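A.B. asks: Sequence:
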Amino acid sequence: MNDAVVAVAGWGKTEELANAVAREPNPERTLVLTYTETNQREDTLRIFQKTTGAKRHASVTGWKAFQLHDIVRPYLPLLYPGIRLRGLSNRDVDLDKHPGGSDRYLTRDGDAYPSLLGKLTLDVIDSSKGAAIRRLERLYDSIYIDEAQDLRGNDLCVLERLLKSSIDVHLFLDPRQSTLSTAEKDRKYKKNYPNAEVIKLYREWEGKGLLDIRYENETHRSIAPIAALSDIIVGDELGFGPTVSVVEPRGRHDGIYIIAKSDLNRYVSEYGATLLALQKSEKYGISDSMNFRKSKGMTRDDVVIVTTGPIEKFLTSGTALRPASACNFYVAVTRARYSVALAVENPERVFRSITGKGLAGDDIPIKKLY
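Position 283 (the sequence shown) corresponds to 283 in my numbering; numbering is contiguous.
The hints are simulated quantities; they were obtained by calculation from the structure and are not laboratory data. One should not assume that every hint holds.
Mimicking SDA-like on lysine to any residue, the simulated pairs with C-alpha atoms at most 20 Å apart in a straight line are [as the list claims (entries may be wrong)]: (1) LYS164 / PRO114; (2) LYS190 / ALA324; (3) LYS129 / GLY87; (4) LYS185 / ASP94; (5) LYS367 / ARG252; (6) LYS55 / ALA20; (7) LYS119 / LEU163; (8) LYS261 / LEU278; (9) LYS367 / ARG266; (10) LYS200 / LYS261; (11) LYS164 / SER128; (12) LYS280 / ARG138; (13) LYS119 / ARG138; (14) LYS283 / THR308; (15) LYS50 / LEU78; (16) LYS164 / ARG138; (17) LYS119 / ASP70.
This structure is a prediction, so every number in the text was calculated from the model and none was measured.
Throw the hints in and build the complete structure from the sequences for me.
C.D. replies: In structure tokens, the structure reads:
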């Protein structure tokens, strides 16, 4: 049976995945997939902690490595006779050159272009006339995919083929954290399901009986005002529902703060917050800093976010963020347990606007500092 757990930031997706894998009766026939190397290491560690002493273990590997080794390599000759696969290219395809045949997918050395690996995998599956999927069915009873929102383009078509197989596919994802992509240059689904809107495709699959979706909206990371801010960033158009916090305030410097960008260093010095910026976070001269996308998976007690022009406009006038910007901002805000400071150009204007959005409670008000 296929299922997808759609969970808010801080619910505990990795922990739940590790527990589920540990319960598998045949771990040697269980495969865990995820896109980034960081998540592969984290999943491996969590699963190992749950299965210490076990003689048999599930395999953890990357999504692209799975495509290359389990599908493309064995069946590529059926699609392109005489072409040998070497590995994954460290550069991506130049679609402006309009390459054709195997040159569209592979370098002259036989390395697959990252963005079009999904389409190559799909073509190989079709050329094998089902043999590639039948081989996977002989190898695996269950496949778990962590951070499944990272799968994009034709990788989603490959995922659909897995959902139609006899393998039990278990997905863990938060579409609101769609900041990465397995297929940056693949145009498939790009307009119809950008970023968090990929949930629409999962709901279509559910409507076709390919999987069951379970929503988990309880965060064990962030206090209520931070959870409320994260909901406002995403909006309710996609029907995720409100985030519920089970985290108690610590009783000091809790909540959401508005500061001027000129006070960044002062704020970090006083409160020890981690600085998050859309890009080039190092230019602020603060050692504990990183870019939004790289902060994914991280938890900190306190963060200060350097807002972009569109984010400040969103805070002051309610102008909707573009899908990618909304996901980046959501990731940044949900890194924090107790406090989020928003560093803006016009703190007075932002403060007046944001306090009218219902974020402040009686116990933890939003404050403007300095």
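A.B. asks: Now tell me if each hint is right for this structure.
C.D. replies: Evaluated hints:
Between LYS164 and PRO114 the alpha-carbon distance is near 24 Å, which puts this suggested pair outside the 20 Å criterion. About 12 Å separates the Cα atoms of LYS190 and ALA324, which keeps this hinted pair within 20 Å; it holds. The hinted pair formed by LYS129 and GLY87 fails the criterion: a straight-line CA distance of about 23 Å is larger than 20 Å. Distance restraint check for LYS185 and ASP94: the Cα-Cα separation of roughly 9 Å lies within the 20 Å cut-off, and the hinted pair is therefore satisfied.
Using a Cα cut-off of 20 Å, the hinted pair LYS367 and ARG252 holds, with the two alpha carbons roughly 13 Å apart. For the suggested pair LYS55 and ALA20, the alpha carbons sit about 17 Å apart, so the restraint of at most 20 Å is met. With a C-alpha separation of about 17 Å, the suggested pairing of LYS119 with LEU163 holds against the 20 Å cut-off. For a cut-off of 20 Å, the pair hint linking LYS261 to LEU278 stands: about 14 Å separates their Cα positions.
Restraint check for LYS367 and ARG266: the C-alpha separation of about 16 Å stays at or below 20 Å, so the hint holds. Of the supplied pair hints, the one linking LYS200 and LYS261 is violated, its CA atoms being roughly 37 Å apart against a limit of 20 Å. Of the pairs offered as hints, the one joining LYS164 and SER128 holds, with about 16 Å between alpha carbons and a cut-off of 20 Å not exceeded. Proposed proximity of LYS280 and ARG138 is contradicted: the alpha carbons are some 47 Å apart, above 20 Å.
Simply put, LYS119 and ARG138 have alpha-carbon atoms about 23 Å apart, too far for the 20 Å limit, and the pair is violated. The suggested pairing of LYS283 with THR308 holds, with an alpha-carbon distance near 15 Å, which does not exceed 20 Å. A C-alpha spacing of about 41 Å is found between LYS50 and LEU78, which places the hinted pair above 20 Å, so the restraint is violated. Straight-line distance between C-alpha atoms of LYS164 and ARG138 comes to about 15 Å, which keeps the hinted pair within the 20 Å bound.
For the hint pairing LYS119 with ASP70, the CA-to-CA distance comes to about 15 Å; that is within 20 Å, so the pair holds.
Hint check: violations occur at hints 1, 3, 10, 12, 13, 15; the rest are consistent with the structure.
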